[in-house]
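Student: Keeping the supplied structure of chain Z fixed, place chain F with the ligand upon it in accordance with the hints.
So the protein sequences, as listed, match chains Z and F. Just so you know, the first sequence maps onto residues 1 to 473 in this note's numbering. Just so you know, the second sequence maps onto residues 1001 to 1204 in this note's numbering.
Calculated directly from the structure, the hints in this document are not laboratory data. Possibly wrong hints are sitting among the right ones.
As the list claims (entries may be wrong) - Simulated DEER-style distance windows between Cβ atoms: (1) Z:D241 / F:N1064: 50 to 60 Å; (2) Z:K258 / F:T1159: 24 to 34 Å; (3) F:P1124 / Z:E261: 35 to 45 Å; (4) F:N1064 / Z:R97: 42 to 52 Å; (5) F:Q1196 / Z:E402: 50 to 60 Å; (6) Z:G275 / F:T1159: 37 to 47 Å; (7) Z:T337 / F:N1064: 35 to 45 Å; (8) F:A1066 / Z:D176: 53 to 63 Å; (9) Z:S180 / F:G1173: 54 to 64 Å; (10) F:K1186 / Z:K167: 17 to 27 Å; (11) F:E1157 / Z:S217: 52 to 62 Å; (12) F:L1162 / Z:P6: 25 to 35 Å; (13) F:T1036 / Z:L73: 27 to 37 Å.
Said to hold, decoys possible - Mimicking DMTMM-like on lysine to aspartate or glutamate, the simulated pairs with C-alpha atoms at most 20 Å apart in a straight line are: (14) Z:K371 / Z:D341; (15) Z:K424 / F:E1191; (16) Z:K167 / F:D1163; (17) F:K1127 / Z:D15; (18) F:K1003 / F:D1163; (19) F:K1032 / Z:D93; (20) F:K1127 / Z:E318; (21) Z:K169 / F:D1163; (22) Z:K424 / Z:D329; (23) Z:K72 / Z:D15; (24) F:K1195 / Z:E261; (25) Z:K12 / F:E1191; (26) Z:K443 / F:D1057; (27) F:K1197 / Z:D104; (28) F:K1186 / Z:D15; (29) Z:K371 / Z:E318; (30) Z:K443 / F:D1045; (31) Z:K443 / F:D1051; (32) F:K1032 / Z:D15; (33) F:K1195 / Z:D15; (34) Z:K443 / F:E1050; (35) F:K1167 / Z:E22; (36) Z:K424 / F:D1045; (37) Z:K424 / F:D1051.
Claimed, not checked - Beyond 12 Å from chain Z on every Cβ pair, some chain F residues (computed): (38) N1018; (39) G1039; (40) L1060.
Cβ coordinates follow ideal geometry from the N, Cα and C atoms, glycine included.
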Amino acid sequence: MADNAPRTMYQKIWDTHFVHQEPGQAPLLYVDRHLMHEVTSPQAFEGLQLAERQIRNPQSILATLDHCVPTKLADRLNLPDPIGAKQVQTMIDNCARHELTLYDMQSENNGIIHVVVPEHGFVHPGMTTVCGDSHTATHGAFGALAFGIGTSEVEHVMATQCLPQMKSKTMLVRVDGTLSKYSTAKDIALAIIGKIGTAGGNGYVIEYGGEAIRALSMQGRMTLCNMAIESGARAGLVAPDEKTYEFLDGREFAPKGKAWEQALAYWQSLPSDAGAEYDAVVELRAEDIAPQVTWGTSPEQVVPVDQCVPGPDDFEQEGKQIACRSALDYMGLQPGTPMTDIEVDFVFLGSCTNSRIEDFRAAAAVARGTKVPEGVTAIAVPGSYQVKQQAEEEGLDKIFTEAGWEWREPGCSMCLAMNGDQLKPRERCASTSNRNFEGRQGKGGRTHLVSPAMAAAVAARGRFVDIRELDHA
Amino acid sequence: MQKYTRHTSVAALMNRSNVDTDQIIAKQFLKKVERTGFGQHLFHDWRFNEDGTPRDDFELNNPNFADARILVTGDNFGCGSSREHAPWAIEDYGFDTIISTSFADIFYNNCFKNGILPIVVNAPTLKSLMAEITENEGVAFTVDLENQRLTTPGGLEITFELDGFRKHNLLNGLDDIGLTLQHTDKIDSFEAGHKQKFPWLWAS
Ligand code: SF4
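With the rest of the complex left out, here is chain Z (with noise of 0.2 Å):
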């Protein structure tokens, strides 16, 4: 390739990290940022030990206790469940031994791992990231390459701070024009999945760009990416822009002073250039995306809210057709039924797509002055400390529990459920959260995804609504 061919930022990234290649075998990429939790790690700390290996650079780790913490505040104190103390004893040990930075659960930092991360400036633009942890893909947002790996992945990059790594296609999801009011980030994520569907991305790196694009917020950009990994991309990326030099000035990993001024130079050279050419080009019309509101089991069996349950015949392949079928047999849900007739049980807000600040916002203007229904659970979990001490200031917890919610402790909580929070068999949730998989929030939960204000939306009726008719000027 000529040196002056433009190149995309995906390239960029990867020509700046590349350490080596060994004929017949896989690029060695160079990593940057590390990141922990206490679920994908333990086995990798027994590995290097058995092989009496070091840690290559223990500062370029930052872990967390995030996956199995309780959002009570007594069993945090108190950890119920044996096996989930040990496993949080064990990140505990392994971090001390390593002297690795650890935000436990005394730490006012504590959070979902890819909440507590941007909130340090810890990841910046053009850095290579990994965490044994699939929405590692969330960094993309500040043009990190960023992505999920196996626990033996995370074990080679703390021996080696390199990992074997074949190249990906680059795909463009381009959005332009102007969302309405009552579409986020969260619907341009589902709405993307519903057209490329969970596999559409397997091989690619994601390039979010075009006008919406641009006019979401960074933590609308963070939902965005880390919904990428469900459309089956490596990572999703957004250009650096004025918005993320501004996120990340004068946050404790960011870069100070001379520094800055360095880093700037570099972060503004990222971008995609004119004419780079991408392997793949998907459009979406922003005006086109209404809320939307899964209704299967997967994250591409969504439709938006004024629409009604598909059923088979709506599907031209057949692999589509069966799984119609056995996601509506897992929801007890009826082809042809309005969304907005469906009842729920639970409301969850929170997760890493969905518990910034941002997030309680854009709930808490729609919960204001409401009342959850009897017989309906509605629980608010803030993604970190931060979060939940801001939120607090701004009063939205009394908006929320006055309205009949739970206001609990951070932590990942009931998007995956390993930490007592569950659903019952056939209770319905509308969730903030990022997979619908059967069980995923509890054995045989049905998960419904949506945006915060959505689920604030729900809570208030009880039933899946049109937020788009609610007057809450």
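Tutor: Relative to the frame of chain Z, chain F with the ligand by itself:
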């Protein structure tokens, strides 16, 4: 890691698409800090009744598939979370080969770290393989990794694609951390240059 050698084994059929890692190994089993013993929990919610007895309607509980080492399954297998507990469970249960039209990216990677060969075939081929199992439950397929060939008693002969490096590691049961560490000098000099270009990555 065990070396992957040519074998002829029973192929089990699980005709489901988008099987996600939450189904492969449910979250309640992710709290262990060891790498072993996950096989007993493979596909737990599909495999067992509330009382812990096996469900008759679950494919892998079919006695004809009892000794299967090959799993034939629908599109986009292994989507969802990055949990390596999924391939640990699959391997521990006894599978070393999975055949589908596509695999989720992270899962596909994780397979090779655990001695599992994921074979990608096209849709018509998958259909033929599935049909052969349906007609003759308990049928054994032959997987020849060296020559990248899959053959069946029904006469199917399939050549599959595979990256040469991954193949080499599977065949030799190699740990790729050791391989990367052979390039420590190159990593050192890369890192020195990287530090010069991006000094703020090290300062905190
Ligand atoms: S909130 Fe959910 S998706 Fe995010 S890291 Fe936690 S478990 Fe994973």
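Student: With a cut-off of 20 Å on the C-alpha distance, tell me whether Z:K371 and Z:E318 pass.
Tutor: Judged against 20 Å, a Cα distance of about 43 Å means the pair is violated.
Student: Does F:D1163 lie within 20 Å of F:K1003 when you go C-alpha to C-alpha?
Tutor: 17 Å, holds
Student: Checking one constraint from the list: CA of Z:K424 to CA of Z:D329, max 20 Å. Satisfied?
Tutor: 17 Å, holds
Student: For the pair supplied as a hint, Z:K424 and F:D1051, confirm whether the alpha-carbon distance does not exceed 20 Å.
Tutor: At roughly 16 Å apart (the allowed maximum being 20 Å), F:D1051 and Z:K424 satisfy the hint.
Student: Given a hinted range of 50 to 60 Å, is it respected by the beta-carbon distance of F:Q1196 and Z:E402?
Tutor: Roughly 56 Å apart at Cβ, these two residues keep to the hinted range, so it holds.
Student: For the hint 27 to 37 Å, verify it against the beta carbon of F:T1036 and that of Z:L73.
Tutor: For F:T1036 and Z:L73 the Cβ distance comes to about 35 Å; the hint holds.
Student: Keeping to a limit of 20 Å between CA atoms, is the pair of Z:K12 and F:E1191 held or broken?
Tutor: Between Z:K12 and F:E1191 the Cα gap is close to 17 Å, so the pair holds against 20 Å.
Student: Run the distance test for Z:K424 versus F:E1191: straight-line Cα separation, threshold 20 Å.
Tutor: The hint is violated at about 51 Å.
Student: Per the hint of 37 to 47 Å, is the separation of the Cβ atoms of Z:G275 and F:T1159 within bounds?
Tutor: 39 Å, holds
Student: Does F:K1167 pair with Z:E22 here, judged by a C-alpha cut-off of 20 Å?
Tutor: Answer holds: F:K1167 to Z:E22 is near 15 Å, not above 20 Å.
Student: Checking one constraint from the list: CA of Z:K167 to CA of F:D1163, max 20 Å. Satisfied?
Tutor: Cα-Cα ~12 Å, so holds.
Student: Does F:K1197 pair with Z:D104 here, judged by a C-alpha cut-off of 20 Å?
Tutor: 33 Å, violated
Hints 2, 3, 15, 17, 23, 27, 29, 32, 38 from the earlier list are contradicted by this structure; the remaining hints agree with it.
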